[in-house]
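Student: Please build the complete structure, drawing on both the sequences and the hints.
These protein sequences, in sequence, are chains H and C.
If you count the first sequence from 1, position 257 lands on 257 in this note's numbering, and the numbers rise without skipping.
If you count the second sequence from 1, position 274 lands on 274 in this note's numbering, and the numbers rise without skipping.
Since the hints were derived computationally from the structure, they do not count as laboratory data.
In this text, a Cβ means the ideal position worked out from N, Cα and C, and glycines have one as well.
One should not assume that every hint holds.
Claimed, not checked - Derived pair list, reagent style DMTMM-like, types lysine to aspartate or glutamate, alpha-carbon separation capped at 25 angstroms:
#, chain 1, residue 1, chain 2, residue 2
1, H, K148, C, D119
2, C, K224, C, E40
3, H, K50, C, D340
4, C, K505, C, E210
5, C, K473, C, D460
6, C, K142, C, D81
7, C, K390, H, D147
8, C, K203, C, E50
9, C, K183, C, D119
10, C, K353, C, D340
11, C, K362, H, D60
12, H, K62, H, E255
13, H, K50, C, E342
14, C, K457, C, D295
15, C, K145, C, D101
16, H, K62, C, D310
17, H, K50, C, D101
18, H, K148, C, D48
19, H, K61, C, D310
20, C, K353, C, E395
21, C, K317, H, E255
22, C, K443, C, E139
23, H, K50, C, D310
24, H, K50, C, E395
25, C, K129, C, D119
26, C, K258, H, D60
27, H, K148, C, D402
28, C, K258, H, E255
Stated by the list, open to error - Examples of chain H residues lying across from chain C (beta carbon under 7 angstroms, computed):
#, residue
29, N43
30, Q47
31, L49
32, K50
33, N52
34, P55
35, N70
36, F71
37, Q230
38, P231
39, H245
40, S246
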Amino acid sequence: MKDSVLRETFRYTRRNRSAMFGLFLICFFIFIAVAAPLIAPHNPLVQNLKNNLQPGFWADKKTNFLGTDNFGRDILSRIIYGARISLTVGFIAVIIGVLLGMTAGVVAGFLGGWVDNVIMRIVDIMFSLPSILLAIVMVAILGRGLDKAMIAIGITYAPQIARIVRSQTIVVGNNEFIEAARAIGTPSLRIMVVHVLPNVLSILIVYGTLSIGSAILDAAALGFLGLGAQPPTPEWGAMLADGIHSITGGYWWVETFPGIAILLTVLGFNLLGDGLRDATDPRLRKKV
Amino acid sequence: MKKTLVFALLLALSVGFFAGCKPVAKQPVTLVFAKGDAVELDPADVTDGESITVMNNIFEGLVRYKAGSTEVEPCLATTWDTSSDGLVWTFHLRQGVKFQDGTPFNADAVVFSFERQRDPNHPFHQYGKWEYWGWCFSEIAKTEKIDDSTVKITLSQPFAPFLSTMAMFTMDIVSPTNCNQWKDQWMTHPVGTGPFGFVEWVKGDHVTLEKNPNYWGTQPKIDKLIFRVIDDPSSRYLALQKGEVQGMEFPNPDDLPKITQDSNLTLLSEPGLNVGYLAMNMGSDTPGFQKPFADVRVRQAISYAINKKDIVNQLYKGTATLAVNPIPPTLWGYNDAVQDYEYNPTKAKELLKAAGYPNGFKTNLWAMPVSRPYMFDPKAIATAIQADLKQVGIEAEIVTYDWSTYLQKTEAGEHAMCLLGWTADYADPDDFLYVLLDPDAAKVGSAGNVAFYRNSKVHDLNKEAQMTTDFNKRVELYKQVQQIVHDDAPWVPLAYAKQTLVFAKNVKGFVLYPTGDYHFDSVYFETSK
Chain H
1 MKDSVLRETF
11 RYTRRNRSAM
21 FGLFLICFFI
31 FIAVAAPLIA
41 PHNPLVQNLK
51 NNLQPGFWAD
61 KKTNFLGTDN
71 FGRDILSRII
81 YGARISLTVG
91 FIAVIIGVLL
101 GMTAGVVAGF
111 LGGWVDNVIM
121 RIVDIMFSLP
131 SILLAIVMVA
141 ILGRGLDKAM
151 IAIGITYAPQ
161 IARIVRSQTI
171 VVGNNEFIEA
181 ARAIGTPSLR
191 IMVVHVLPNV
201 LSILIVYGTL
211 SIGSAILDAA
221 ALGFLGLGAQ
231 PPTPEWGAML
241 ADGIHSITGG
251 YWWVETFPGI
261 AILLTVLGFN
271 LLGDGLRDAT
281 DPRLRKKV
Chain C
1 MKKTLVFALL
11 LALSVGFFAG
21 CKPVAKQPVT
31 LVFAKGDAVE
41 LDPADVTDGE
51 SITVMNNIFE
61 GLVRYKAGST
71 EVEPCLATTW
81 DTSSDGLVWT
91 FHLRQGVKFQ
101 DGTPFNADAV
111 VFSFERQRDP
121 NHPFHQYGKW
131 EYWGWCFSEI
141 AKTEKIDDST
151 VKITLSQPFA
161 PFLSTMAMFT
171 MDIVSPTNCN
181 QWKDQWMTHP
191 VGTGPFGFVE
201 WVKGDHVTLE
211 KNPNYWGTQP
221 KIDKLIFRVI
231 DDPSSRYLAL
241 QKGEVQGMEF
251 PNPDDLPKIT
261 QDSNLTLLSE
271 PGLNVGYLAM
281 NMGSDTPGFQ
291 KPFADVRVRQ
301 AISYAINKKD
311 IVNQLYKGTA
321 TLAVNPIPPT
331 LWGYNDAVQD
341 YEYNPTKAKE
351 LLKAAGYPNG
361 FKTNLWAMPV
371 SRPYMFDPKA
381 IATAIQADLK
391 QVGIEAEIVT
401 YDWSTYLQKT
411 EAGEHAMCLL
421 GWTADYADPD
431 DFLYVLLDPD
441 AAKVGSAGNV
451 AFYRNSKVHD
461 LNKEAQMTTD
471 FNKRVELYKQ
481 VQQIVHDDAP
491 WVPLAYAKQT
501 LVFAKNVKGF
511 VLYPTGDYHF
521 DSVYFETSK
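Tutor: As structure tokens, this is what we get:
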């Protein structure tokens with residue numbers, strides 16, 4: 001049963017052109033990230049101060065295609081290696097969020113009663129704080145660094161996922177096959193893992209995909225504020241922060257290219273996520 | 001009804017129109033200067049450059065620096081004598097000077113201004129922290145009135161830089177009547193004898209000063225002086241381009257090529273009395289101490305490993321000169337015989353190997369979170385140093401905190417290496433070599449000496465120089481200190497930053513002071529021909 005739902009979803013998504021464009025963007029950046037050492041023209045960390053803030057291809061400079069930054073590091077190579085960091089952060093943060101949110105949501109939705117009440121009130125409290133603010137507070141507690149930023153972002157994503165999973169669990173929980181499982185004496189934990197979980201998976205995939213985009217954006221924001229990736233890590237948000245003094249001086253390329261990289265990746269995940277959501281929603285499906 | 005209204009409006013408009021045609025009364029000449037905001041407005045209690053700039057235009061001390069130099073000249077005191085042992089200083093005050101609120105300036109005001117800082121039982125002592133008094137004036141035993149126009153200051157021990165320190169903002173004379181009126185609110189209602197009087201301070205927006213019509217010296221040429229708060233250097237530059245302000249401080253080095261090309265702007269730049277440096281924590285009693293830094297070979301290796309020349313040229317972008325000694329060459333006593341550690345990674349590796357760290361080690365490098373006059377972009381400098389150190393195997397993690405925490409934590413020695421800098425308050429090597437490198441200044445928790453460098457020889461030389469009045473002898477002593485510091489390498493001196501200001505083309509007469517003070521009384525607008 002679960003296979004057919006997923007397969008159906010993908011079949012509908014394939015017809016959605018913008019979703020496919022999103023998928024292409026994601027694949028493109030994944031390829032760049034995986035093949036970074038092979039395709040990056042320079043070492044992203046090696047500085048050459050004498051060669052700093054040089055323009056790139058538009059000024060007929062062949063060695064540094066997208067120019068160099070304040071420290072004479074090759075911007076193209078930094079963006080390529082930055083894809084590794086941004087994608088990893090996006091995926092891991094969302095996995096953390098999904099694991100936490102899913103557990104909380106399934107338990108709350110399936111058990112109900114006071115457990116549900118306690119979990120959902122905690123979720124409500126977390127909802128009352130803006131997510132980026134929550135992430136900043138977490139980083140302040142955990143300390144700076146990319147790993148901590150990932151955890152912080154993951155935690156801020158958990159409440160939304162918990163809410164969605166809970167409502168889906170309640171819907172699934174009212175089905176007859178759950179009642180049947182209960183009637184033959186299956187333990188609650190087994191029902192949750194074997195019967196409920198597969199049925200909320202599709203919505204998790206959709207929501208997870210959408211979240212990766214915002215997780216990348218949040219990681220970049222933390223990096224920009226100096227709370228995420230620490231120098232000299234070529235993280236896109238940190239690259240933006242490094243170049244901030246260079247804009248008024250006319251060195252536009254230092255800011256522009258990392259910005260475009262963030263834009264395209266987030267766009268990719270959002271387009272694909274939107275497409276998946278449309279595909280899982282039967283009312284929207286007919287219009288495609 | 002409607003018609004009458006329209007008519008009335010038309011009438012009002014036409015009156016306004018013709019009013020514009022009348023020869024207008026002379027507009028007040030206003031200069032708007034963009035800078036960061038002041039912290040408070042009591043000259044004896046402020047410690048930051050932004051506040052000091054405002055203080056310099058409202059207040060005056062007994063003596064002052066000659067325009068554009070570090071030479072002391074009379075100000076509110078016309079002459080002074082000193083006893084043969086250098087312990088008693090008698091100042092003869094200028095007659096007929098009045099504060100901006102009309103209070104006559106006399107010996108009582110001087111005694112009030114100094115004693116409120118020194119004497120814990122003084123009724124006004126409770127209204128301030130008086131930090132500079134503790135740092136620079138602890139040798140003053142008391143200030144006494146002899147008659148209305150004579151003041152006697154007694155020192156507990158001879159202090160050669162005394163007269164120089166008297167020109168500092170901390171020793172500015174405040175109006176006692178005004179202090180009595182405002183009590184603890186006085187910090188925001190300053191009254192002095194200077195060329196400009198205080199009008200208003202809207203926190204985070206602007207400070208307005210007005211010409212003091214009763215000023216005893218040459219009248220300022222502008223009527224109004226507004227310090228507008230614009231924190232970001234690039235926004236300041238945009239405001240200057242748009243004509244919203246007529247002057248600004250510390251432009252972004254990246255904007256400099258554009259500024260020099262702009263024919264509507266004048267760039268003023270001069271070496272200042274400052275130094276930006278990297279300090280290595282040698283204090284084994286500090287929480288941030290790491291064993292390698294106790295070894296002079298490691299410290300020298302780091303000195304060889306950092307490519308200072310590229311950092312100064314490419315990151316300071318011509319707004320600084322390469323630093324060799326802890327004191328800048330613009331200050332007397334500079335030792336030009338000291339040979340700087342050249343950039344030589346191979347030699348650095350050899351030294352590390354000899355010290356027992358052939359593969360380098362892991363450490364941390366602290367960087368200020370804010371732009372300072374001696375270091376425009378500390379994070380960029382730290383990143384560059386990090387890459388240089390990696391070349392010789394040293395892995396340095398960059399650490400940063402907000403500015404006040406940063407100062408606290410470095411004063412407590414929680415760092416292994418940190419970036420910091422210093423702008424002199426008085427033109428004497430004592431203000432660098434004693435304040436920043438003497439064992440006396442290496443107290444964990446309130447250290448000015450953040451390298452926690454404790455060399456008793458340096459201490460003896462510093463103390464001797466403080467007590468000696470013979471100028472040539474002092475030069476000799478300070479030269480020795482610089483050589484010892486160079487050999488011990490507690491610091492990597494990075495750069496002597498130039499102070500840079502940008503003005504609109506028609507603003508003339510601004511004089512740069514080596515101490516970084518801004519005085520606007522000589523500034524005027526050149527009228528176009």
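Student: Each hint needs a verdict: does it hold in this structure or not?
Tutor: Taking the hints in turn, this is what the structure says about them:
1. Straight-line distance between C-alpha atoms of H/K148 and C/D119 comes to about 51 angstroms, which puts the hinted pair past the 25 angstroms bound.
2. For the suggested pair C/K224 and C/E40, the alpha carbons sit about 20 angstroms apart, so the restraint of at most 25 angstroms is met.
3. A hinted pair counts as satisfied when its Cα atoms are at most 25 angstroms apart, and H/K50 with C/D340 qualifies at roughly 21 angstroms.
4. A threshold of 25 angstroms between alpha carbons decides the hint, and for C/K505 with C/E210 the separation of about 23 angstroms falls inside it, so the pair holds.
5. Restraint check for C/K473 and C/D460: satisfied, since their Cα atoms lie roughly 14 angstroms apart, inside the 25 angstroms limit.
6. Annotation: proposed proximity of C/K142 to C/D81 holds, straight-line Cα distance about 16 angstroms (limit 25 angstroms).
7. The straight-line distance between the Cα atoms of C/K390 and H/D147 is roughly 22 angstroms, inside the 25 angstroms bound, and the hint therefore holds.
8. For a cut-off of 25 angstroms, the pair hint linking C/K203 to C/E50 stands: about 13 angstroms separates their Cα positions.
9. Distance check on the hinted pair: C/K183 and C/D119 sit about 17 angstroms apart at the alpha-carbon level, within 25 angstroms; holds.
10. Proposed proximity of C/K353 and C/D340 is supported: the alpha carbons are some 22 angstroms apart, at most 25 angstroms.
11. Restraint check for C/K362 and H/D60: the C-alpha separation of about 41 angstroms exceeds 25 angstroms, so the hint is violated.
12. Note on H/K62 and H/E255: the hinted pairing holds, with a Cα-Cα distance of about 20 angstroms set against a maximum of 25 angstroms.
13. Restraint check: the Cα-Cα separation between H/K50 and C/E342 comes to about 17 angstroms, which is no more than 25 angstroms; the hinted pair holds.
14. With a C-alpha separation of about 18 angstroms, the suggested pair C/K457 and C/D295 falls inside the 25 angstroms cut-off, and the hint holds.
15. Restraint check: the Cα-Cα separation between C/K145 and C/D101 comes to about 22 angstroms, which is no more than 25 angstroms; the hinted pair holds.
16. With a C-alpha separation of about 23 angstroms, the suggested pair H/K62 and C/D310 falls inside the 25 angstroms cut-off, and the hint holds.
17. For a cut-off of 25 angstroms, the pair hint linking H/K50 to C/D101 is broken: about 57 angstroms separates their Cα positions.
18. At roughly 35 angstroms between alpha-carbon atoms, H/K148 and C/D48 are farther apart than 25 angstroms, so this suggested pair is violated.
19. Straight-line distance between C-alpha atoms of H/K61 and C/D310 comes to about 22 angstroms, which keeps the hinted pair within the 25 angstroms bound.
20. Distance check on the hinted pair: C/K353 and C/E395 sit about 16 angstroms apart at the alpha-carbon level, within 25 angstroms; holds.
21. For the proposed pair C/K317 and H/E255, the alpha carbon gap of about 19 angstroms is at most 25 angstroms, so the pair holds.
22. Of the supplied pair hints, the one linking C/K443 and C/E139 holds, its CA atoms being roughly 19 angstroms apart against a limit of 25 angstroms.
23. With a CA separation close to 6 angstroms, the supplied pair H/K50 and C/D310 stays within the 25 angstroms bound.
24. About 22 angstroms separates the Cα atoms of H/K50 and C/E395, which keeps this hinted pair within 25 angstroms; it holds.
25. Of the pairs offered as hints, the one joining C/K129 and C/D119 holds, with about 12 angstroms between alpha carbons and a cut-off of 25 angstroms not exceeded.
26. Of the pairs offered as hints, the one joining C/K258 and H/D60 holds, with about 23 angstroms between alpha carbons and a cut-off of 25 angstroms not exceeded.
27. Simply put, H/K148 and C/D402 have alpha-carbon atoms about 19 angstroms apart, close enough for the 25 angstroms limit, and the pair holds.
28. Taking the CA atoms of C/K258 and H/E255, the gap is near 19 angstroms; set against the 25 angstroms cutoff, the hint holds.
29. Annotation: H/N43 was flagged as interfacial toward chain C, and the flag is violated, the nearest CB pair being 11 angstroms apart, outside 7 angstroms.
30. The beta carbon of H/Q47 is positioned within 7 angstroms of a beta carbon in chain C (closest approach about 4 angstroms), and the interface hint is therefore held.
31. Of the supplied interface hints, the one on H/L49 holds, with its beta-carbon coming within about 4 angstroms of a beta-carbon of chain C, less than 7 angstroms.
32. For H/K50, the shortest C-beta to C-beta distance to chain C is roughly 6 angstroms, which falls under 7 angstroms, so the interface hint holds.
33. Because the closest C-beta pair between H/N52 and chain C is about 5 angstroms apart, less than 7 angstroms, the hint holds.
34. The beta carbon of H/P55 is not positioned within 7 angstroms of any beta carbon in chain C (closest approach about 14 angstroms), and the interface hint is therefore violated.
35. Residue-level restraint check for H/N70 holds (minimum Cβ-Cβ distance to chain C is 6 angstroms; threshold 7 angstroms).
36. Against a cut-off of 7 angstroms between C-beta atoms, the interface hint on H/F71 holds, since the closest Cβ of chain C lies about 6 angstroms away.
37. Taking 7 angstroms as the C-beta contact cut-off toward chain C, the hint placing H/Q230 at the interface holds, the least distance being around 6 angstroms.
38. Interface restraint check for H/P231: the shortest CB-CB distance to chain C comes to about 5 angstroms, inside 7 angstroms, so the restraint holds.
39. Here the hint on H/H245 is kept, as its CB sits about 5 angstroms from the closest CB of chain C, short of 7 angstroms.
40. Against a cut-off of 7 angstroms between C-beta atoms, the interface hint on H/S246 holds, since the closest Cβ of chain C lies about 5 angstroms away.
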